[in-house]
Amino acid sequence: MITLYFERFRRNRLAIAGMAVIIFLAFLAIFAARIAPHDPIIQNLTQRLSPPSARHWLGTDDLGRDVLSRLIFGTRVSLSVGFVAVGISLIIGTTLGLIAGFFGKWIDTIIMRLVDVMLSIPTLFLILAVLAFLGPNIYNVMAIIGLTAWPGLARLVRGECLSVRERDYIQAARLAGISNFRILWVHIFPNVIAPVLVSATLGVGGAVLTESALSFLGLGVQPPMPSWGNILSIGRDYLHIAWWLSLFPACAILITVLSFNLLGEGLRDVLDPRS
Amino acid sequence: MLNIEHLSVEYYRRGKTIPAVRDVSLTLAPGETLGLVGESGSGKSTLALAILRLIAPNEGRITCGKIIFGESNLLCLKDSAMRQIRGRDISMIFQDPFTALNPVMRVRDQMAEVLEAHGIRPPVAADVGSDPLVNSLRQVQLDPERVLEAYPHLLSGGQRQRVLIAMSLLTRPKLLLADEPTTALDVLVQKDILDLLFRLQRELGMAMLFISHNLGLVANYTQRIAVMKEGRLVEEGETQTLFRQPRDSYTKELIEALPAMTRGIR
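These protein sequence lines are chains A and B, in that order. Sequential numbering from -3 applies to the first sequence in this note's numbering. Sequential numbering from 660 applies to the second sequence in this note's numbering.
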């Protein structure tokens, strides 16, 4: 089964390309300090807003900092926010979804109404309000994206759980005297992993995008710490004289989100039992 | 050993209640085989689920009656006590071996789990001779080395049903409920599985409730037969007597519906 999935995945070129880019980005993030040609924070006012050149491949910003180096360090911010936020929403969403689907009745009603409430709140405004209140920094950004992204996942997991719960092997496990807790985690959970994996992969792309938007609005990662969003935000002020300051961070965001989406779509095709 | 007295079960459908089992009384002595025959929807599977108290609370309930197993009334036991009886004293084999094994777990893990649930630790691999998993797979004539590490999709239907039988026998149950254990299998495999099941039942001295819609098949293997129709027990008796002098008209119909060849065997 695993080999079958692997074989199908290997033939999906777009998903492979997406994964390759993600691995490359992870590599950049981990070894940012060694790879970046310049320090991302030290200012060099004599080199302000210089266009791409041999010395500064992607040019410099309004304080003379190397854009390439800032983008490389920004990868760290984007990926760590993406993964941590999705990690948080995975834990909450999967747990609540499994509990709702398995126990049903009033527990299900309470959890699903909570999900409905969460889904009816415009998430970005809630995040903005909370960040304005708690103060903008990278940890608050991770936490708040994670805490608002779980309802969709909970609904997905609940649906899968409802269908797996009715299969014979769950009845057989009950009949063998196995406890509810064990049935839930050992028998049901592994059978709902596939759609969760797909949704989580797509979720990382979404979280990266949200982080960029927040940093762009000044409520995310604060300067001088570089983030794709805040570089883009500075670029807006110089759009007519320094195109490189906007184009390259925008490309970084685009490529990253696209890669996660391609990988997610690929995984969906690979794991779909009907294909 | 098993004494069912005036058992009634109902299901909920669109706000109405529908009786599935009506006032059924049955007894089963230790080591005895009782064949339970009836068309689909006659309540035979529901009866088996009721014995194990596995009727989902949002789908139906046991309205009255007693199920005496050994000393205790199963309907009065606490959930934790009932869980200990399930799988240890009473086991069940399902109709469809293709869906009764968890596709993402190795056979070894699924079998070991049954033992663990009842506080029996499987010995670490070193001592193969006394490994209960290996022994019970040998009992059902499977190659333990190959099967234990396999995922269910690598096994054929007959092999899976053998695994399920081995699993149900791990804890040496006193009573085995077999709910149409061969309906989903090829005819040739069916006979092998049934021969195996009844041989093991005799060797281990278990009581067995064998549920089937196939009267001819049941008659070949059981000493006593009970016939259900629309939730009621219409007739019960020694297999021989029941075939010679069926009292109920429905039983007569069932016997007459058998192909002549099968009738000749008894």
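The hints are simulated quantities; they were obtained by calculation from the structure and are not laboratory data. Just so it is clear, CB atoms sit at the ideal spot from N, CA and C, and this is done for glycine as well. Take these hints with a grain of salt, some might be off.
[Claimed, not checked] Cβ-to-Cβ under 8 angstroms is the rule here; a few derived chain A residues that face chain B: (1) S76; (2) G100; (3) K101; (4) T105; (5) R163; (6) R170; (7) A172; (8) I174; (9) W181; (10) H183; (11) P191; (12) P220; (13) I230.
Which of the numbered hints are not met once you compare them with the structure shown? 1, 4, 9, 11, 12 and 13
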